[in-house]
Amino acid sequence: MSCFSDINEFTPNQHIDTINSVEIWLKREDLLHPFISGNKYRKLKYNVQDAALAKKAILTFGGAYSNHIAATAAAGKQANLKTIGVIRGEELANDLPKTLAENSTLKFAQTNGMDLHFVTRQAYREKHTPTFQENLKK
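Going letter by letter, the sequence shown gives residues 1 to 138 in my numbering.
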């Protein structure tokens, strides 16, 4: 069962040009979904399905302008899953209303239900360590 019933995975190939007998085609992955398109959909699909089956949240990492953060938030909303975004740059949380007013990516993620968790750049670099991961659970 797919959490993405409105997505047609078979996107068209569009002929762009022929130059010196070489045909140029474009795979239109941008047509998958308005917010979860292309490689974002291909990377998220199975993780979202597994999380939905297990009834677990999705935790992901990214920068303040990360399209992956936005796509994960949209996918979580569509699958009725809690999403948590660990965002590089703790200074962005100092004035969150201002940050959201100036940053459409984070605003979109929050509007789609993502909990934003801001961390220092140093902590972000250590996201793979057991200590960092234990601190996330608190």
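To be clear, the hints were calculated from the coordinates, so they are not data collected in a lab.
Positions of the beta carbon are idealized from the N, C-alpha and C atoms, including for glycine.
Be aware that one or more of the hints could be misleading.
To be verified - Here are the simulated lysine to aspartate or glutamate pairs, EDC-like style, with alpha carbons at most 20 Å apart:
#  : residue 1 : residue 2
1  : Lys138    : Glu90
2  : Lys27     : Glu9
3  : Lys40     : Asp50
4  : Lys45     : Asp30
5  : Lys82     : Asp95
6  : Lys137    : Glu90
7  : Lys138    : Asp115
8  : Lys56     : Glu9
9  : Lys98     : Asp115
10 : Lys40     : Glu23
Claimed, not checked - Quick list of the computed label-pair ranges, beta carbon to beta carbon:
#  : residue 1 : residue 2 : range
11 : Thr11     : Arg125    : 33 to 39 Å
12 : Asn39     : Asn80     : 41 to 47 Å
13 : Asp17     : Gln49     : 33 to 39 Å
14 : Leu59     : Leu96     : 18 to 24 Å
Evaluation of the provided hints:
Taking the CA atoms of Lys138 and Glu90, the gap is near 17 Å; set against the 20 Å cutoff, the hint holds. Only pairs whose Cα atoms come within 20 Å are accepted, and Lys27 paired with Glu9 is accepted, the gap being roughly 12 Å. About 16 Å separates the Cα atoms of Lys40 and Asp50, which keeps this hinted pair within 20 Å; it holds. Taken as a hint, the Lys45 and Asp30 pair is honoured in the structure, with Cα atoms around 15 Å apart against an allowance of 20 Å.
Between Lys82 and Asp95, the direct Cα distance comes to roughly 24 Å. Violation of the 20 Å bound is thereby established for this hinted pair. Simply put, Lys137 and Glu90 have alpha-carbon atoms about 18 Å apart, close enough for the 20 Å limit, and the pair holds. With a C-alpha separation of about 14 Å, the suggested pairing of Lys138 with Asp115 holds against the 20 Å cut-off. Proximity of Lys56 to Glu9 is assessed by CA-CA distance (about 25 Å); at most 20 Å being required, the pair is judged violated.
Between Lys98 and Asp115, the direct Cα distance comes to roughly 17 Å. Compliance with the 20 Å bound is thereby established for this hinted pair. The straight-line distance between the Cα atoms of Lys40 and Glu23 is roughly 27 Å, outside the 20 Å bound, and the hint therefore fails. For Thr11 and Arg125, the Cβ-Cβ distance of about 36 Å falls inside the hinted range of 33 to 39 Å, so the restraint holds. Taken as a hint, the range 41 to 47 Å is violated for the pair Asn39 and Asn80, whose Cβ atoms sit roughly 23 Å apart.
In this structure, Asp17 and Gln49 meet the distance hint of 33 to 39 Å, their C-beta atoms being roughly 37 Å apart. Checking the proposed 18 to 24 Å range against Leu59 and Leu96 shows it holds: the Cβ atoms sit about 20 Å from each other.
In summary, the numbered hints that this structure violates are 5, 8, 10, 12.
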